[in-house]
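> Read off the chains here:
Number of protein chains: 2
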Amino acid sequence: MLPFQTLIPIDRNSTVPVYQQIANALIKLIRDGIIKPGSSLPGSRQLALLLDVHRKTVEAAYEELFIQDWIKVVPRKGPQVSQHLPEVRPHNFVPAVSSTPYTQPANFPFYTFGPLASLPGGGKKLRPVINDGLPDPRIAPVDLLLREYRRLFNQSSYKRFILTGDQAGSVSLRTAIIDFLSDTRGMTFNLDNIVITRGAQMAIFMAARMIIRPGANVLVGSPNYFMADAIFRQFGANLIRVPVDDHGMDIEFIEKFCKKQKPDLLYIIPHHHHPTTVTLSSERRMRLLQLIDQYGFPVIEDDYDYDFHYSGGPILPLASAGHNGKVIYIGSLTKSLAPPIRIGYMIAPANFIEQATQLRRMIDIRGDSLLEEALATLFKAGDMQKHLKRSVKLYQQRRNILCELLEQELKDVVTFTKPQGGLALWTKFRKEYPLSEISERAANNGLMISDGRMYDVDGHHFNALRIGFASMNEKELEEAVGLLKKSVK
Amino acid sequence: MLPFQTLIPIDRNSTVPVYQQIANALIKLIRDGIIKPGSSLPGSRQLALLLDVHRKTVEAAYEELFIQDWIKVVPRKGPQVSQHLPEVRPHNFVPAVSSTPYTQPANFPFYTFGPLASLPGGGKKLRPVINDGLPDPRIAPVDLLLREYRRLFNQSSYKRFILTGDQAGSVSLRTAIIDFLSDTRGMTFNLDNIVITRGAQMAIFMAARMIIRPGANVLVGSPNYFMADAIFRQFGANLIRVPVDDHGMDIEFIEKFCKKQKPDLLYIIPHHHHPTTVTLSSERRMRLLQLIDQYGFPVIEDDYDYDFHYSGGPILPLASAGHNGKVIYIGSLTKSLAPPIRIGYMIAPANFIEQATQLRRMIDIRGDSLLEEALATLFKAGDMQKHLKRSVKLYQQRRNILCELLEQELKDVVTFTKPQGGLALWTKFRKEYPLSEISERAANNGLMISDGRMYDVDGHHFNALRIGFASMNEKELEEAVGLLKKSVK
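Chains A and B are the protein sequences, given in the same order. The first sequence runs 0 to 488 under numbering that gives the first Met the number 0. The second sequence runs 0 to 488 under numbering that gives the first Met the number 0.
Simulated from the structure, these hints should not be mistaken for laboratory data.
Since the list gives no way to pick one copy over another, a pair counts as held whenever it fits inside one copy or between any two copies.
Mimicking DSS-like on lysine-lysine, the simulated pairs with C-alpha atoms at most 27 Å apart in a straight line are:
hint : residue 1 : residue 2
1    : LYS55     : LYS388
2    : LYS385    : LYS417
3    : LYS410    : LYS488
4    : LYS410    : LYS392
5    : LYS385    : LYS158
6    : LYS474    : LYS417
7    : LYS417    : LYS55
8    : LYS417    : LYS484
9    : LYS485    : LYS427
10   : LYS410    : LYS427
11   : LYS55     : LYS385
12   : LYS485    : LYS158
Produce the entire structure from the sequences given, and follow the hints as far as they go.
Next up, the structure:
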């Protein structure tokens, strides 16, 4: 008999169960030819004594080997190694511990998408980063949200709900959003016009998936939100660049295009266009509604930033007006909470939402139904509305502080227009100060900023940076602008 | 002067700010022709007196009208209604409160996907539902997870992390999964081989998006997980049905196909095939690995259920063996937690994962980075492993209870094979007992079950139901089987 007690090492501190360790060791011995096919193995009582384990443990190991066809159990003779299995190139399917089947690159055909431009990342270290317009999670009611989550989770009446939830998203949250958009945007719609998504991003992805066929003509701003461009492109869209000036997209350009050819889709960010933060003027808004009416093309209205407006009230969305169901309206609650909590929504005619809901199921089944319920509770109690009011006040102050700092410290280096709203300031650097060089120097000075290249389209180099002011307090803004100044030359 | 105090109703209990109410009322008056283009409006002090509000409130209302181009401010003359704007078909863009632009169906072209088969849903009411294999959230360490989440959120060193996070998912969680899959599956891979997704579902969606071109030949089981079929179909795949028997997919069928034509993709669920719960035998597994080696086609290995195995240990995944980077391995942690907490992963060669990460960004930017960090902490402390052990023990008991109940109560109605693992039992009803009728009667008796039609493919009517046993305790299982029995005739 083989010296099983030395051949089968057992590590009682391992997270692998002992029976599994025994089974794995036996497989290795069979594979390595140390235990021969057809040979008998010791009975479980005997092996248990040898290995100083309980007999049941050895029985479990043998059961595993039996299930995996490594051994057969011969009545009155005990376990016996199978004849046929281990001989058929066993090295092909028993992994050596050192096998790394993933070290080779995938060499079958697959679509590629990148590399996409990326914003300066984080890591856990406290290092100043200029992001492109994120909210400040420190002021978000996340504690409250988690407390609600926990309360609902432990409430027995939510058991079924935890298991399933509604496919289009929590009914309570959808109802809360209906009320909220009615109050703030004058929008009127029903439960079957809204699906909850993982942030505005997923809603853009889904609408694009549904509308864009390869070769579709999609009108987008020049420049545009680069992640939307990436989505449209990977679905095979042909991007038509619409100029964007201080009053938003050039609607005359769109009209001229329509006269030649009906666009398959228009993607527009009327409030605080990304990246330039300009707002579509009400005159252009009206003209655009006429064009939609006249030519009947679908529109994705990405209104991720509507709730953050500082100078008077924001102009009502296209979606609030009469548009015969042509406008797919997309919004986000992530900007009102914290980046990890991704909740957005899509508003559209019922037949579109019904299909979007099916697509949503294919993508990720559904959202976090308890998180959605918890958030609905915050809306119902008015906590979200209060939080939004506080945020708007605070972010407006931070916008003002940033503008003053830039005026003081970088007057000859940058130009900008104070944005009416949003969480970022579109900061254009004079061409003597190329951002590619500044961003490198900044990194050396400990400040992470983007080189702005992701905004460049059609050979136009903007040499501009979105400075997200909302996530930084006064001290942090001073520090960031100070480091930026230090990195200019 | 117009009787502004009656024309401008102010509701101090409304959630719409007073200045906004004033602005909206003035817009309505201009639109309705009551206030004429070019006419002057009262000064802010005067209007404030009339309306009994603070002067600043009126100023804010005027500022809003000014921003929206409804009025201009003439020096020393006060606000004056614009000449040009309101005359250009103003009824087109000012929403009446009752306007419902979404009542019309979307009538532009878009892809449709459904209706997809759907499982019996929940709602919040406590009503017995037989699901198709969900875990029991009551035993999940969700309280612990939320406590960790809250602790990390309030830890200042996580601030940057909250804002950004890693694009492929939390490094801590990916590291924890590397260790976990090494312990439990003998898999060896690195950080650049794994991306965190929203459940296994998103991983399937992403892999399909990357691999499937219209007309691609995709081998799938007959029957197969219907949501995977739906994904493949909507990307234009041609589904080739591979027979599935008691030992899993028919590998000889695959070989015959390969001899004619190289498949573009194989989708396989080796453990507890969905819906039939059979496990691929190790002999077939070996044969399949040889075919992958010989013909070099990519494989999606959906191993959502691996961690729940009751009879001995599970057979190692294809991904553990040498496959030259051909196997995209997909797993889920949702089944080990609770349905709302959707966390899964995709393991693949680095170049595939890099592109999948870019696609993931387009879909939803990233996951909940704090939830991922919190879950990593649970792995590190061994809490997840302990929870899994407890779950396996409990679910095995529940499987046994269900099998006994079916034997006792429905012996002449159903046939089934006791599954070696997983969270559901594939229950075949004799053809004298059509599920379509039983499910209707069950609904009347207060039990929600599927009619099993979503599993039917290629005209094959299985008349079978997946009975998820994991989420029901003994009493609930008895109740469900009792109601099922009552509904049989």
